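Asks: Take a look at the letters that make up each chain.
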Amino acid sequence: MYDQFMIVGEAFKNVVEDGRVVGFQIGVRLPYYRGIVLSLIGDTDLFVDGERMPRETMTVTVDGKTYPLSQLENEPDAKWEFGDVGILTVRMPGGLAAGDHTLQLKMHLKISYVPVGFSGSDTKTLTLAA
Amino acid sequence: MTASVSIKRGVSLYCFQEEYFHKRKSLEDLLATCARLDVRGIEIIGDQMIRGYPNIPDDFVKQWHGWMDKYGLTPVCLDMFLDWNKYKGRIMTQDERVESIRRDIVNASKLGCGVIRVIHDIEPEILERLAGDAERHKVTLALEVHAPSDLDSPLEQRLIALYERLKCPYLGFTVDLGIYCKRLPRVVTARYLRDGMAPHIAEFLADRYDHGQLSAVDKKGADNEKMVENILKMGGREQDIYLAFMGTHMCNSNPRRLLDFMPHIKHVHAKFYEMLSDASEYSIDYNEIMPVLVEGGYAGYLCSEYEGNRWIDDAIEVDATEQVRLQQVQLKKLLGQAA
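Protein sequence lines, in the order shown, are assigned to chains A and B. Each step along the first sequence adds one to the number in this note's numbering, with nothing skipped, and position 19 is 19. Each step along the second sequence adds one to the number in this note's numbering, with nothing skipped, and position 203 is 333.
Honestly, I wouldn't trust all of these hints.
Here are the computed lysine to aspartate or glutamate pairs in the EDC-like style, where the Cα-Cα straight-line distance is at most 16 Å [to be verified]:
{"#": "1", "chain 1": "B", "residue 1": "153", "chain 2": "A", "residue 2": "81"}
{"#": "2", "chain 1": "B", "residue 1": "218", "chain 2": "A", "residue 2": "63"}
{"#": "3", "chain 1": "B", "residue 1": "363", "chain 2": "B", "residue 2": "333"}
Facing chain B, according to a computed beta carbon distance under 8 Å, are these residues of chain A, among others [claimed, not checked]:
{"#": "4", "residue": "1"}
{"#": "5", "residue": "2"}
{"#": "6", "residue": "34"}
{"#": "7", "residue": "35"}
{"#": "8", "residue": "40"}
{"#": "9", "residue": "43"}
{"#": "10", "residue": "47"}
{"#": "11", "residue": "81"}
{"#": "12", "residue": "116"}
Since the hints were derived computationally from the structure, they do not count as laboratory data. What you are looking at is a predicted structure, and each value in this text was computed from that prediction instead of being measured. Ideal Cβ positions, reconstructed from N, Cα and C, are used throughout, including at glycine.
Between the sequences and the hints, there should be enough to build the whole structure, so can you do that?
Replies: Structure follows, in structure tokens:
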């Protein structure tokens, strides 16, 4: 559910620190109908033009705080509210080239009351401004 | 139908989740919508529309009651969840589970909700430990009987034994009327096709469901595997298996079975997937169910719970307001209330 609203294109941009492009980011919404604590976020994969981004290069920023994607299981209290847009940042020196990119985001949420949890997948082609 | 006057109509804000998700409407806007639709009983999912839940600020509680007064609404039910797997590498102890629900009870009490919809994966021992808290706060813990389980499923039967032993009026069931789903909603099969499921597999699932041959209907666990096997044999994709599990878990139980357990029915979710323009539901026969609730003397709330939204949101903008309006037209009619 909400699959096609997972990737929020408006937030797509390269990230600049001290004048250097250090990566890029997109906005993300969870494919689920309630807010959940971050530790329930399971496998999260982002593909850019078919290439899978290594999970250890990604962070998630929710409600003003930033968490390494690989450490979310340590967050049983911090909440990602229903419908809120988080920011997924990928560390990648040089970032992405200006122009069109096809992004695919897959997420699995470890929702305990259903045997298979909840999964979502969204693919969008977005334009990175020059 | 004079007995019908004791059944009250309400709505779960779950119905309007798209508008909230897309931030087209705030919680207050949704409450105003409910008042406009003349549905006065309100059910809310804490985790969905109360930021920071289970920590509810006093300001929110004050505002909530202010809204209830302003729009002439009544808080009815708080829906809780128990994320017992949220701690790394372990599941919650029973004490932690009890503590978590204890907090929900206090929250329900603060919000003025006399019922908590208890998620269905809670053990009877936990409810037994909470009976005293429920009674003290006058908050009824109503475990949700939800497809693919029904009142005759093992957990429900264990709970009935518990309820009959404890005779605590604050423990019981929420019945989700999705357990009386006569045919697979067509919004589900239409979505299957849009998601790329081969038409013969979608037809197979609908046909099997409609003829009572899917696991959810006959409750034979082995059929789950058979369904997977069949989908794969028919050339289905892994995604089709997920779609099948998410879309065919309703069941087609006999509503008259409610009459055997009426004292334990504390709350009802008037589940619907698609209201037709003549104010009838495509796959759940309310003409059959409502007289049973009336006959049994049900005196609680019947809260609209729209779940067709998640099956159509890829194709069209969900219009939950119109869908809830249509269902309430049907409920009023069946309750003998003026339109």
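Asks: Please flag the earlier hints that this structure goes against, numbers listed from lowest up.
Replies: 2, 9 and 10
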